[in-house]
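From the two separate chains plus the hints, produce the assembled complex.
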Amino acid sequence: MEHETASVTQRDAATDLVLSARGLGKTVTGADGDLTILDDVTFDVSRGETLAVVGPSGAGKSTLLALLAGLDTPSRGDVTLDGVSLTGLDEDGRAKVRAGRVGFVFQSFHLIPALTAIENVMMPLELAGERQARKVATEILTDVGLGERLRHYPAQLSGGEKQRVAIARAFASRPALLFADEPTGNLDTGTGENIERLLFDLNQRHDATLILVTHDQGLAQRCSRRLAIEGGRLARDERG
Amino acid sequence: MGTWRFALNGLWRELRSGELVVLMAALVVAVGSITAISFLTDRIGKAVARQASEVLAADLRVGSGRELDPDWLARGEAAGLDTAQALNFPSVVFAGDQRVLVNLKAVSTRYPLRGELRLAPKLFGTPAAARGAPPSGTAYADAAMLARLGVDAGDTIEVGRLTLEVDSVLVYRPDQSPGFTALAPTLLVNIRDIEASGLLAEGSRVRYTQLYAGSEADVAAFGAALREEDVEGVRIEDEAAAGTQLASAISRAGRFLSLASLVSLILAAVAVAMSARRYAERRLDSAALMKTFGAPQALVLRVGLVHLMAVGVVASLIGTALGFAAERGLSALLTGWLRGDLPQPGWEPALPGMITALVLMAGFALPSLFQLRDTPPLRVLRNDIAPPPPAAWLTWGLALATLALLVWWAVRDTTLLTVIIGGTVITAAVLYGAGRLLVGGLSRLRGNVGVSWRYGLANVARRGQNSAIQVVAFGLGLMVLLLLTLVRNDLLSGWRATVDESAPNQFLINIQPEERDSIGGIFSEAGLGDVVFTPLVRGRITAVNDTAADDWSSPAGEGTRRLGREINLSWSATLDPSNEVVDGQFWGADYSGAPQVSVDEDTAQELGVGIGDTLSFDFAGVPITAEITSLRRIDWDSFKPNFFMVLSPAGMAELPQTYITSLYIPETTNGVLLTLVREHPSVSVIDIEAALAQVRGIIDKASLAVQYVFLFTLAAGLVVLFAAIQSTLDERRYESALLRTFGATRGTILAGILAEFSALGLLAGACAATGATAIGIVAARELFDLELGVNPVLWFAGLVAGLVMVGASGTLAARSAADTPPVRTLRRG
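So the protein lines, in turn, are chains A and B. Each residue of the first sequence is one higher than the last, beginning at 1 in the working numbering. Each residue of the second sequence is one higher than the last, beginning at 241 in the working numbering.
Just chain B, same shape as in the assembly (with noise of 0.2 Å):
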């Protein structure tokens, strides 16, 4: 006979009949989290997709931190290809006494060579596509930073010593990158400004960039002539390296929130094991009557997975709104912290979504229907006759399998796989073990309280399995959001605490030489004491003992990318308190010998070098050899100017140097660093406040997002609730019944229920609120070097959230058992 339409005749009897919903719940949670997650990384892919032709604004870009030869340019237009060239450094702009630091760009008339700059007329205007840059006098700045600085297009605004117009906003830029935007908004000018803002001077911290365009073969050959030149500090990017490089770092952050997703995917995996288990159990009188009928063992498994396959495609279909409709939000909660407008998504993402609904269901509800299958027909004439469980290799290895498979597929990484799988296990068997220890302890507190109290608390131990997993869903549900609002919160005071009142919050950097005792005036004039300034210079590695930099093999591979790189040292006769020596000794005051350099104890481990080890440096032609005579821990936090390496001073004086100095002023003489822009318009100004309050908006941002991800993780909590709750019901409702047979009222029984749920909500609030200190206590050492203690708002946040959601949400799922009339109820039994 037809499989198909004898189970299908039976489905849609299965879907009113409610007995399918936790189920189809469980999965609609677990494909809406999965879902919205890949609807995100696909429209931000697509992005990158959509970008990745133009992300250089050229076929070909060539960058360095020094001045490109200018022969470069013209020998690119003799081999027929279009040029252009621009500069970029940190600086900072002012309207009336507003200031902003942005990412200055100055570029030349043929910029972008690929893709277009789209530009409004004004604040939140209809962007139009534009090309070439600003006209001299005139600049393109981004919504942000207009914004900050209260003006709009058509006023003025201040850099170095140029006074620009605001011709147009910027709402877009080929080489703007397409995922997490930089601290900074972008200023746009025209380069041949920028001799005379009197912005550059020597040593600034300038990336000068050409740009090349042409015909692909032109492009190749002119790429390939320059790289063979191999000329040191120069990097030469083509389309095909920054798409890649781009995707990676989107994949990457994809996978990070898969990853919160995952947690959702287990809990809705639990839920949809225990309802596939209570959906066999309530129909091993139906199947025995089948096969009494003369139906086969297959007919019985092929109707039971049609039955749950059809959930499953219902609940996928369900989900996969669901996560659409969440995908919305999240992206509009990231909003401003991801670039430009995001391009639709195809429905390429609804297929993850889809097929976690239907491996879950094969890894997590399958060896339900195979009980089902070995149901003994003889059950239809004795009750107490039941298939034998389903093996606990079968369950738990086909378990763990889909588990691993779905990690995987999240992230792709077989280490990743190994930490995260054994990292769940242990996780989950440590709470598991927590939550039994406490349903265990609840018992005996019986006998001090009331009937109904004493009614409750019997089922949560009796239950005793069940409860503990609730606890562990529940615990760890709230403990990422407790992490992440309440103990994210302390940390960030905590360090912010740990700062001096009076710690510098202005940085300024790129001061030359000679400006010095101009500054210093600037500063005493207006009361702020004496700047101490430190000298800077740029240089590289080129040797370690007596192995090439690029032979040296360092442990960690951070270290080895250090070595290829400029990197910023200074020179000291003495150390600043924020340094402590841990190993060597730092030199004298009046040391005057062979050069020494003094190295940070981690940058130290990274390169794999120690004392008595000596490093070769390149100072922009000047070569120096230096041995490591000490080593030092630095305190950042005290927001002083320090570096991985200082070197002994003597000598030091001839290298091409700027300097930095850092100090604190107050709100009130803010008007000073206008002073000193407008006389030294080379000097950038850090506002470290400004900065600081810019990672606290993206780490806000992000906790957000994952905050997000994790609504579906207390969802799917409830699922699991839910499912525990109905796989009870008719137990419940027996006993309610009998109970109330012996004079209970209705109140009574209700007041047990209400019971038995706070009681678990209790025990899986204080399970979230000791995970949630425990982490943020080994997180406060670990990241902030910070004692944080323990919070009182999070203990009773915790306890009331797990009150709440647990307690009302379990006495209304369960409620129905104190409503049944025993009499039906006793019949039935």
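The shape of chain A in the complex, shown without the other chains (with noise of 0.2 Å):
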């Protein structure tokens, strides 16, 4: 009996767990010899928790959300995400396991310029083989309160529009995991503060998982949990 309750827990505690880094680090080679931007990284994010990464400019915030993100790959350590081990992956494996289980939030926004609104939003839907994109896309973009402007070009919108379709986009497949990088940094502060709440709306509504990087401690301390890193290592892990 003790036996299978122990099964249990580990079983879903294994469920619960959506990324996981196992002694991260990252080297590069510079013109001075190497520099280790991060180092010895460990830590583990439940699903449906709000983790702000928070620290100086140059601790290595944005490097750790790339390599979490797969979007680099780490000189040592591991990261698993969604139950997937990224080491030994190439471009592509890990280009896969991200479509449709992760969503981006930008700082500078990254609207593609030749595509309108909906087309933004359309695209990562298409790309996970959705095939009422167009209709999942007008609903999200609805939902953010863009519903008028479905056709409008990144150039012809404001900066809290913009953002507002980057996280219609972010969204739109229902990701399970949500990384965003500085999301109000290029904003006003009343904007910033609309765009903020609507990001931890639509994370609660989509039951997911909310991986941010920022220098702003008022939304630091609305995530449940903030990792700070300082010279490239993890200083601190507090919750509440």
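Simulated from the structure, these hints should not be mistaken for lab results. Incorrect hints may appear among the rest.
Unchecked claim - Where chain B lies over chain A, by a calculated footprint (3+ residues, C-beta under 8 Å):
id : stretch
1  : 61–73
2  : 87–96
3  : 109–120
4  : 124–137
As the list claims (entries may be wrong) - Examples of chain B residues lying across from chain A (beta carbon under 8 Å, computed):
id : residue
5  : S526
6  : M530
7  : G534
8  : A535
9  : P536
10 : P617
11 : V620
Ideal Cβ placement from N, Cα and C applies to all residues, glycine included.
Take a look at the structure:
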């Protein structure tokens, strides 16, 4: 009986775990020799958590985000994303893991200027093979308050509207995990707060896990957990 | 997911954004130029094919410079074949005081045995099919001939002692050359009238022909029997041989024009490479984003491929339409040079253009797509991260291989391919080096000019590589155009200037020995002085030293051909001043020993013979062996009767001979020719002035056609310019925004842009004028034996053309950089 309970607990824990980093490190070779940007970072993220990665400029926050999302490969250690280890996967293999599982929101929005708002949102849906891409994109854009702006190009939208499109795009494929890199960094305070609310609201409704990198203490405080990176190492892991 | 759907979704946006316009324009130019040439050669080829079966006007044609055995005709008829005969020779036709040299063709009643004549009742009338020789006392005449004489059907003309009525206008005869015309127009007469004309005399330059037609087996058997007899100097042609010969002549002409269009193709390729690189650079962010959202590398590559291939297909269609229209212009330019009406082209010529577009894309755009495929997804977080540039071997190897493939396709000759590729690489390297030097030299001027010019010149120098490529692209196009317009005129007028004002303008041939006194009398009565008659005999070389001519191998193929043919020779005791002995010694005026021969130095080289060798001749059955005792250099520009081979005079008077002479007849005493031709109808008068005018006309049309093809080169040059501007437009916008922030007016920035492209245009013009001058000087020396000076007009034209074309179009294309509001650009940056 005891044995059975332990087994269930182990399984639940495994199911709960959406991301895990083990001994993660990144060293680059520059003109002045080797430079370690990130060293021996280990932590787990459970499903539904909201996690802020904070720290001074150059601490290694963005590098950590890139490694967690499989956009870059670590020099040491391993990342397991939604149960799949990224170690040993080539670029296409990592892309496959991301497809439909992972959403992104960037500081500079990264909308494709040649595509309309709805086409930008449809892009990851189509990549994930969603047949109802246009319908889903219309719904979520209406949800973020841009129902009237479906056919506008990024150049015709304000900064806040662009970030709404980007958020809609990130949630459209119902990802298990959402990465956000300074999502309010390019916005004024009022707009930033609106975007913040939208981000957390959608995250809750979609039951996604949110990992964001930010300088903004206010934003970090809204998260259930904060990882402080200093000098490439994990300095603190605070909850609550 | 469906790559196609995903790719096509984005395609329309890509097309509408205008990003791919330059790429498309480059392909349109390349496809247009290739297709125009393909359509033209297809139409000519079709004309050849249409006529191949009737090109002989018979199934079998037997021809010779000597009278043919009449027994053969009887044998042919006995074998169940239809027969006809024809003879043709140059002659002069008169109408009033107008005269024109024609190819007189006398035919028997059943001519043509195959194919039909097309005759029009009046000049420019509607032609109808007809068969048979013109009725005795009448003639069918070429429109060109009638136009020159100022007469029409129904009028009378004179040839020799005959007065003929022009029955109809001869629009087409089956045995005319379907490609490029012979110099003289044709006059078709009845063979029965020839005897009365007095045009034929011993030694006349007549070509005798017998025509046979019948069932394939009968013709083949009869042809084989004639060939077996192996009569010297007789040529037996059947359909297959004639068709092949024509087809290869046409394909050579087509290949030459294709070569001209290759220059535009190479420039278009540069533009394709430049705009594909820009396409890829502009899409790096999107590619990184696609990968971030889970797109595999292959998908990124496929989307790019679909976009570029779609552009290729659209451009091919537009280019094909352009090529089709351009061919209409080209064939209109060549009217009169190409005979007969050309058949409509088929759809096949559209293929080479389309294939060219796809091959160009594959060879010049693919490396950029590979780069796009390799974009790291990390770029979404760090904008400075770019994919590694494609490997140099891939870019250059693919480009060179593509180029080689396209050139080989155009020329189908490995040696020529090596020469062209080598030549292109070397020329481009030299021009590029010169371009870089000039561009570098400009930066020294920067200290001494105003702010706009300094900004403009700084831009030229900073984008050194792009600037040099533009100088090369435009320099090349302009150079060819300058060469074909100004330098050609310089060469021709320079050559004309070397010809003495009183140099002979008329050649008289076919003069019988007994006519000399009478003809001399006619000219001295007209106050034209004494006439010198030069003897002419026709013969063949049968042996060189003791080796039979057939077994003698000469270093140049041309020499071997000369050995088999009948050639014209003369004899003389003295040497005309237009000859210079370059080796050996010319026999003395009173030499009467064993036969000697003096040979033109180039001919000797072709035959592989020299002083001390012996040549054996056969003059209508009379054998003569002569030792080569001197080699001569002949000044052909003297327009005096000259011969490749001249024999010592002893014993030659016995040979069957005619005489020729040349003299200057001023326009005012032109009537003397009429008297001459009436009294001596068998003498042919060749008007050198008219012949030269015809040659000039042909050169004009040929160079016009080549110039027309090179318009595509200029268009390709413009596309390269636009591609280069497009690739720097973002940078220009950013800089102009900065400058405007610091207080520069829009005018100042525009002036800077104007300065930049004017400088480039002047450099391209200077390159073009230098190149055209250099090639002109070499051509003058090698081809015309002239010293050509530097023509200031050429330089003026080159610089102005460069300034206007590059300066104006460059400024127009780049002006949007000055128009963008600075705040928008800086915010974006």
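Now the hints, each set against the structure:
1. 61–73: That given contact holds, which follows from 6 residues of the stretch 61–73 of chain A lying within Cβ reach (below 8 Å) of chain B.
2. 87–96: holds (count 4)
3. 109–120: holds (count 5)
4. 124–137: As far as the stretch 124–137 of chain A goes, the hint holds, because 5 residues have Cβ atoms under 8 Å from chain B.
5. S526: With a minimum Cβ separation of about 5 Å from chain A (threshold 8 Å), the hint on S526/B holds.
6. M530: holds, 7 Å
7. G534: Holds, about 3 Å.
8. A535: Hint on A535/B: holds, closest Cβ of chain A at ~5 Å, below 8 Å.
9. P536: holds, 4 Å
10. P617: Result: holds, 5 Å to nearest chain A Cβ.
11. V620: holds, 6 Å
Violated hints are absent here; each numbered hint is respected by the structure.
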